[in-house]
Amino acid sequence: MLKNIPNPPQATEIPHALTIHGDCRQDPYFWLNNPENPAVIDYLTQENAYTESVLKPTEALQNELFEEMKGRMVADEQSVPYFNGKDWFYHRYETGGEYPLYCRKKGSLDAPEEILLHGNQLGKDEAYFAVGGLALSDNEQMLAYATDTVSRRNYTVYFKNMLTGELLADKIENTEGGSYAWSADSNYFFYLLRDPQTLLASKVLRHEIGTDSSLDVLVYEEKNEECYMGLSRSKSKEYIFSVSSQQGVYSEYRILKTDNPTGSFEVFQPGERGLEYFIEHQADRFLIRTNFQEATNFQLMACPVDGPTHKSHWQTVVAHRPDVFLEDFDATTAWIALEVKTNGLSQIQLIQGDSNEFIRMEEDVFQVNIGINAHYSSHTLRYNYTSLTCPNSVLEYDGATKKSTLLKEDRVLGGFDKNEYQSERLWATARDGVKVPISLVYKKGYQKGPLLLYAYGSYGYSMDPYFSSSRLSLLDRGFAFAIAHIRGGQEMGRHWYEDGKMMRKMNTFTDFIDCGKHLVSIGQVDAHRLFAQGGSAGGMLMGGIINMAPELFAGVIAAVPFVDVVTTMLDETIPLTTGEWEEWGNPKNEEHYHYMKSYSPYDNVTAQNYPHVFVTTGLHDSQVQYWEPAKWVAKLRKLKTDDKILLLDCDMSAGHGGASGRYKRFKDIAKDFAFLIGINETIAAQ
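The sequence shown begins at 1 in UniProt numbering and counts up by one.
The reader is advised that the hints may include incorrect statements.
[What the hints assert, rightly or not] Computed list of lysine-lysine pairs in DSS-like fashion (alpha-carbon distance at most 27 Å, straight line): (1) LYS160 to LYS86; (2) LYS418 to LYS664; (3) LYS418 to LYS408; (4) LYS311 to LYS237; (5) LYS448 to LYS435; (6) LYS435 to LYS56; (7) LYS408 to LYS664; (8) LYS667 to LYS70; (9) LYS105 to LYS86; (10) LYS106 to LYS223; (11) LYS124 to LYS105; (12) LYS70 to LYS418; (13) LYS408 to LYS105; (14) LYS667 to LYS418; (15) LYS517 to LYS597; (16) LYS171 to LYS223; (17) LYS443 to LYS517; (18) LYS444 to LYS517; (19) LYS203 to LYS257; (20) LYS444 to LYS408; (21) LYS70 to LYS408; (22) LYS448 to LYS644; (23) LYS86 to LYS106; (24) LYS160 to LYS237; (25) LYS56 to LYS70; (26) LYS257 to LYS160; (27) LYS56 to LYS644; (28) LYS70 to LYS443; (29) LYS311 to LYS223; (30) LYS257 to LYS237; (31) LYS311 to LYS257; (32) LYS124 to LYS70; (33) LYS105 to LYS160; (34) LYS638 to LYS597; (35) LYS444 to LYS70.
Treat the hints as calculated values from the structure; they're not laboratory data.
With the sequences and hints as input, model every part of the structure.
Take a look at the structure:
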């Protein structure tokens, strides 16, 4: 139980006016936008000390939760090996190790293990450590790998000689993690270079092995600052794909044959506003997932590799379906797999010869997606399955026998029995009459107790039902857990996204509130113990809902919350601004400005009672700068009229994803859960 709360720190107020379109916003905490200012670090340190003091009564509970979560993990866990047509690859953990070992077995699973990269050795002296992708050269003599030791998602590429185990002198900094491609002759390495300030990747460069990176050749530069870039290699290894895209409205691919590394990238289909497409190579054709021809939910098309690639030559493979959203696809020479959404749930459709079928799932609430299928000629399909009660599983489907084989279901230690838990699919009616799905899980015997409602609701990212072993610690203590599949994702199709972005963003907030009200109205949760959680854009959601309906929620966790929407979207010098205008709007446009201001959490804090609030951030966050949640907490603390708990926890050595490592993250989750449990006990005792 949380009690005897000390006085919180109070941030200094320094007048600062922000004026545009004749409208003036006062931001007295704007000074926090400077990590070089010792006063900023001092304030964050004070907030951390206050959080530690308030949560001190929960220290024993936090340790108990951490040990529970850690105890459910298999100490020497290993992934399912996958075949690339020649060798087998997997990663595994050593007992007590925080980071994986990336391994290979040549030719056969009976072959001796070769450790390609030892994560524990590389990350042992780092406060933060992440590997950003491995890429083995075609001649298998060189391994390119990238690491981030700051948590800004700026990766440095290193090259390891697989014959000697030594590192080359070659080193490339400021790269986009994982966006790499080798040439067929293994002499050249392509990568995306990030701007050190905005962190936008806008340049494709070619590095010749054995030379200094200062000599790298600029292959293509994207001049449109609203675009994000991606770089990949086709599964066939015959092509390198470079793509520029604007969020939800535009894409343009360039392609290069890997056996012609010094050649020029050729435009596949010129970019057009409103036209989106995504390509993969299959034998004598390119497959194209696209919204061309008003295919709102996308269709699959194709064109020959040796002919024109302009959209006028695309032929339909799988036509547009108004009730089926084509979310992703994969292909080998033997099959095409489609990852689709129907009625709010993911499905896999497999096309193989004359066969065209959906792989059947047994549960009512689940998540399924295409797995790692690295073998270009494979006749079987790997896919992943999970649900709110079923741990992550890897299966292999044989189109000839119509049967799936379970290769692995993650083991959960500590006496876990999936039959002790129940999941359901509910539907809430939003205020405009739209039906919003809710995925619910609880331990059997749950009776109208506390419930944690979670959501994201942005960028078209579908928050599908998923298993969490750490969540069991909450369910076992009498909580239910629910995911609100609100507009802004794509659970119900592309229109679900379009109805939750830009000038319809308010639907995201009201959907979540209406889902919460529905759970209360049907008696699924004690009306005084409804909790909410969201992170990043989902943290913005948390900021919005406590401004709009503070009385509905007992407590809220806002992780790395994007809450200062207008100010951030006006600042083109910081990461994730120009590329986000198609998601939120550009406040330089007066209509966009006023609409964004109407929901921006920071701009709408007012003198009213708020729920208990726990806010987390990271000093090095490259996605949502730390000062957004810091300013938000300061303003809330100044204006709120209640005596409820308000905490800011700033990780001084991490960024957007929190602590790195296999076990360290459980410390953060344990703190979150201790906050929820402490608030719940306080309310129950009143």
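Evaluated hints:
With a C-alpha separation of about 20 Å, the suggested pairing of LYS160 with LYS86 holds against the 27 Å cut-off. Distance hint between LYS418 and LYS664 is fulfilled; the C-alpha atoms sit about 26 Å from each other, no more than 27 Å. The straight-line distance between the Cα atoms of LYS418 and LYS408 is roughly 16 Å, inside the 27 Å bound, and the hint therefore holds. At most 27 Å may separate the alpha-carbon atoms for a hinted pair to count; LYS311 and LYS237 meet this at roughly 24 Å.
The suggested pairing of LYS448 with LYS435 holds, with an alpha-carbon distance near 23 Å, which does not exceed 27 Å. Among the hinted pairs, LYS435 with LYS56 is inconsistent with the structure: their alpha-carbon atoms are about 42 Å apart, more than 27 Å. Restraint check for LYS408 and LYS664: satisfied, since their Cα atoms lie roughly 25 Å apart, inside the 27 Å limit. A hinted pair counts as satisfied when its Cα atoms are at most 27 Å apart, and LYS667 with LYS70 qualifies at roughly 10 Å.
For the given pair, LYS105 sits about 10 Å from LYS86 by alpha-carbon distance, which is consistent with the 27 Å threshold. For the hint linking LYS106 to LYS223, the alpha-carbon distance of about 43 Å lies beyond 27 Å, and the restraint is violated. Distance restraint check for LYS124 and LYS105: the Cα-Cα separation of roughly 25 Å lies within the 27 Å cut-off, and the hinted pair is therefore satisfied. Pair hint LYS70 plus LYS418 holds up; C-alpha atoms about 18 Å apart against a cutoff of 27 Å.
The hinted pair formed by LYS408 and LYS105 meets the criterion: a straight-line CA distance of about 19 Å does not exceed 27 Å. For the suggested pair LYS667 and LYS418, the alpha carbons sit about 24 Å apart, so the restraint of at most 27 Å is met. Restraint check: the Cα-Cα separation between LYS517 and LYS597 comes to about 25 Å, which is no more than 27 Å; the hinted pair holds. A threshold of 27 Å between alpha carbons decides the hint, and for LYS171 with LYS223 the separation of about 26 Å falls inside it, so the pair holds.
Distance check on the hinted pair: LYS443 and LYS517 sit about 22 Å apart at the alpha-carbon level, within 27 Å; holds. Straight-line distance between C-alpha atoms of LYS444 and LYS517 comes to about 23 Å, which keeps the hinted pair within the 27 Å bound. Between LYS203 and LYS257, the direct Cα distance comes to roughly 19 Å. Compliance with the 27 Å bound is thereby established for this hinted pair. Between the alpha carbons of LYS444 and LYS408 the distance comes to roughly 26 Å, so the proposed pair stays at or under 27 Å and holds.
Taking the CA atoms of LYS70 and LYS408, the gap is near 20 Å; set against the 27 Å cutoff, the hint holds. For the suggested pair LYS448 and LYS644, the alpha carbons sit about 24 Å apart, so the restraint of at most 27 Å is met. Proposed proximity of LYS86 and LYS106 is supported: the alpha carbons are some 7 Å apart, at most 27 Å. With a CA separation close to 21 Å, the supplied pair LYS160 and LYS237 stays within the 27 Å bound.
Of the pairs offered as hints, the one joining LYS56 and LYS70 holds, with about 21 Å between alpha carbons and a cut-off of 27 Å not exceeded. For a cut-off of 27 Å, the pair hint linking LYS257 to LYS160 stands: about 25 Å separates their Cα positions. Distance restraint check for LYS56 and LYS644: the Cα-Cα separation of roughly 16 Å lies within the 27 Å cut-off, and the hinted pair is therefore satisfied. Of the pairs offered as hints, the one joining LYS70 and LYS443 holds, with about 20 Å between alpha carbons and a cut-off of 27 Å not exceeded.
For a cut-off of 27 Å, the pair hint linking LYS311 to LYS223 stands: about 23 Å separates their Cα positions. For a cut-off of 27 Å, the pair hint linking LYS257 to LYS237 stands: about 9 Å separates their Cα positions. Pair hint LYS311 plus LYS257 holds up; C-alpha atoms about 20 Å apart against a cutoff of 27 Å. Between LYS124 and LYS70 the CA atoms are separated by roughly 19 Å; this keeps the pair inside 27 Å, and the hint holds.
Distance check on the hinted pair: LYS105 and LYS160 sit about 18 Å apart at the alpha-carbon level, within 27 Å; holds. For the given pair, LYS638 sits about 20 Å from LYS597 by alpha-carbon distance, which is consistent with the 27 Å threshold. With a C-alpha separation of about 24 Å, the suggested pair LYS444 and LYS70 falls inside the 27 Å cut-off, and the hint holds.
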